[in-house]
Amino acid sequence: GIQVEQSPPDLILQEGANSTLRCNFSDSVNNLQWFHQNPWGQLINLFYIPSGTKQNGRLSATTVATERYSLLYISSSQTTDSGVYFCAVGYGGSQGNLIFGKGTKLSVKP
Amino acid sequence: NAGVTQTPKFQVLKTGQSMTLQCAQDMNHNSMYWYRQDPGMGLRLIYYSASEGTTDKGEVPNGYNVSRLNKREFSLRLESAAPSQTSVYFCASSIGPGYGYTFGSGTRLTVV
Chain W
1 GIQVEQSPPD
11 LILQEGANST
21 LRCNFSDSVN
31 NLQWFHQNPW
41 GQLINLFYIP
51 SGTKQNGRLS
61 ATTVATERYS
71 LLYISSSQTT
81 DSGVYFCAVG
91 YGGSQGNLIF
101 GKGTKLSVKP
Chain B
1001 NAGVTQTPKF
1011 QVLKTGQSMT
1021 LQCAQDMNHN
1031 SMYWYRQDPG
1041 MGLRLIYYSA
1051 SEGTTDKGEV
1061 PNGYNVSRLN
1071 KREFSLRLES
1081 AAPSQTSVYF
1091 CASSIGPGYG
1101 YTFGSGTRLT
1111 VV
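For the protein sequence lines, the chains are W and B, in the order given. According to the numbering used here, the first sequence holds residues 1 to 110 in order. According to the numbering used here, the second sequence holds residues 1001 to 1112 in order.
No wet-lab data here; the hints were simulated from the structure. By construction, the Cβ of each residue, glycine as well, lies at the ideal position given by its N, Cα and C atoms. Please note that the accuracy of each hint is not assured.
Using C-beta positions, here's what the derived DEER-type ranges look like [as the list claims (entries may be wrong)]:
1) B:G1098 x W:S7: 21 to 29 Å
2) W:P8 x B:E1079: 39 to 47 Å
3) B:V1112 x W:S51: 29 to 37 Å
4) B:V1112 x W:P39: 19 to 27 Å
5) B:V1112 x W:T66: 15 to 23 Å
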């Protein structure tokens, strides 16, 4: 099956710093989503982005489907950005059945 | 607007007991999903329902059954709980297979 690898596994930032999280996948996908799991466990959908670039406030994401990777950019990080960021992909006729990476744990220090 | 509602939020079971996890969404979504999250493993798909009246196995279906009661509700049943089923269970929904997910707040289940 398809493999999803996220890097780095852990990231510590000072408030105000910028960061880039990466998601590599081993096969063609037609569904890619980024999620944030906050310290209380809630999973929030950040982007649905099987290709192209999207921006939402301080967050933006780019997926280069032909090269099998996606990037999540966080600018001017805040302590509330802390948590785990998951990339998840779907492919073929099962595009709705997301395969999750193991996540990047982000800690933003004041 | 509640989104996806899961009940209960916490549960402790003894080995061999049965229980049903409930999930309901009020967004008129067609597709619904059950995932489990274990430390260091990310989320893994247990069962899904692409549309009302259909259910299919995901990556880790053994020991579970599901029912898509109607368009709003999708329940997960553990017939005979085992310690290996200790996990956090998440329900999610989407308009359809190619659209973004909305997750519920999760059920933390411990089997002793």
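Status of the hints after comparison with the structure:
| no. | hint | result |
| --- | --- | --- |
| 1 | B:G1098 x W:S7: 21 to 29 Å | 26 Å, holds |
| 2 | W:P8 x B:E1079: 39 to 47 Å | 41 Å, holds |
| 3 | B:V1112 x W:S51: 29 to 37 Å | 46 Å, violated |
| 4 | B:V1112 x W:P39: 19 to 27 Å | 26 Å, holds |
| 5 | B:V1112 x W:T66: 15 to 23 Å | 49 Å, violated |
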